[in-house]
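If you're matching them up, the sequences are chains F and L in order.
In the numbering used here, each residue's number is its place in the first sequence (first place is 1) plus 249.
In the numbering used here, each residue's number is its place in the second sequence (first place is 1) plus 92.
No lab work stands behind these hints, which were simulated from the structure alone.
Backbone N, C-alpha and C define an ideal beta-carbon position, used for all residues, glycine too.
Don't take every hint at face value.
Here are some chain F residues pointing at chain L (derived, C-beta under 10 Å) [to be verified]:
#1 Tyr371
#2 Ala377
#3 Pro426
#4 Arg441
#5 Arg447
#6 Leu453
#7 Ala487
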Amino acid sequence: MANVTNPSGSSHEGHPQPRQTDRRSFFKWIGAGLGTAAFVSGCDLVTEYGDLPFPFDTGSEDAVTLDFSNDFGVVNYAFALEQLEAAFYVRAFATPFDGITDEERRVLRDLRNHEVIHREFYRLGIPALGGTAIPTLRFDFSAIDFSSRDSVLETARVFEDLGVAAYNGAGPLLNDPEILLVAGKIVSVEARHAAAIRDLIDPLSAFSIGEDGDVELDPADPGAAGRDVIDENGLDRAFDPPTVLAAASAFILNPITTTGL
Amino acid sequence: MEKQTFFSALDPEIVQRVTSRRDALRTAGKIGAGIALASVPAAFGFFARDAFGRSLPNDVTKVLTFALTLEYLEFEYYNTGVNTPGLIPGPAQTVYTGIRNHEMAHVRLLEAALGLEEDEAKPEFNFSALGPDPFADYGFFLALSQGFEDTGVRAYKGQAGVLLPTPDVLSTALKIHSVEARHASIVRRLRGQDGWIPFDNTDVPALAAVYAGEANTTHLGVDALTVSTKSAEATTEAYDEPLTMEEVLAIAGPFIVGS
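Chain F on its own, in the form it takes in the complex (with noise of 0.2 Å):
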């Protein structure tokens, strides 16, 4: 097994893990907390709280419009996406739920490694292109008990299955197929976090390879809350734009319009 990834060695047992209450009170602990867990595991977490936007969390709340007639309105729209999941991965890795195990912990340290490249590499990407990236953004993560293995991992399951339609729905929109290529690498990489959180939920059932038998797929109601991801012909979910966003807006605290679609 000589591909397993060894644990970063940061620990964090036996540290404070309050709920969050509200912003401001975050912050003051978290703020108390850096300190100690900084003397606690060394450089390696002031390295993590570099993964901004948290806890330093400089995002504007302005309005952005993503233009979807170019394929930076697209590359953008990934970019707001990887934003978000980066966020979340960032304060659930800085703030382990009660109880997490070492292997939990490794994944949600390799998915927040991964989504923080995947959103520098559009921030830089984007105006090396020649496009206009959108600014950062600001969330709202209060509806998420990060204390919580059930909501942390379940709002993990919905933004990785989420992201999966997102980029199946973007790639269509897309007219150069260098840039279809890489969001073809990074869509398969969040499919692998799906089915990895997946597991961590239900190990080795027909849960953790898309399914839920105890759930039918309700075309209805294709958003975030659906947890039977994989159709009768073995088919992923593809989801538009203005879908996805609105299952995301519960998250994102900029006013986010389409065009061009």
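Dock chain L against chain F, hints included.
Below, chain L alone, put in the same frame as chain F:
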């Protein structure tokens, strides 16, 4: 000669025959049974366009034929595995049965899209081509399964650009692509590995070609190593790389012994 036989599945004449047969079968209303017929036109919008006399571009037909061959291979492998008594232990049987069902659905969907009868284009396989018999050695069964899934992900990815002019076909291919990636992740985890691919690592030397090029970090001219402070390992994991049709055929060819 194995490879020649395999390549014949993609022979232009066969592709042409498949195309005209599709039209004939459509006329006769003989689209493959056993799948959800109503959703096939939705999955492949070109059926509707065919009604107006337009046909699928040859390069798209070639990609679908290529994909069908890989799906036949995966289906046959898993179907044999789940039906081999004592091979797959308890909970993994649930996973592999589900994966088998997905591959079956992909086979029937692609057959219907190409106007083929059930199993009409199915080759014969030899899954002991690398030496060990995977159906007598669960560890090797898992390893080969991982190789097939990670290859499948790369194969679909490599053809996406060809499908760009036919958005309905591209959409369906993407929806298969992400299912293969889900499979790859769960199979890797069954082997005690992470669901994603660090660098171009493999613990099975015979499968090195499956991972060739996976350590690439340059995308759209941007070196992803430079965009964050994350490790090179994480950066290579964050992107899956494509394989060309030729590279995939070189990997799959040894397992295909006839048609």
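For each hint, the structure was consulted:
Among the interface hints, the one on Tyr371 of chain F holds; its C-beta lies about 9 Å from the nearest C-beta in chain L, closer than the 10 Å criterion. Here the hint on Ala377 of chain F is kept, as its CB sits about 6 Å from the closest CB of chain L, short of 10 Å. For Pro426 of chain F, the interface hint holds, since its Cβ comes within 10 Å of a Cβ in chain L; the closest pair sits about 4 Å apart. At a threshold of 10 Å, the smallest CB-CB gap from Arg441 of chain F to chain L is about 4 Å, leaving the interface hint in force.
A cut of 10 Å between beta carbons decides the hint on Arg447 of chain F: the least distance to chain L is about 8 Å, and the hint holds. Because the beta carbon of Leu453 of chain F sits about 4 Å from the nearest beta carbon in chain L, less than 10 Å, this interface hint is met. Given hint, Ala487 of chain F at the interface with chain L, holds; its Cβ is 6 Å from that chain's nearest Cβ, closer than 10 Å.
The structure fails none of the hints (numbered hints given earlier).
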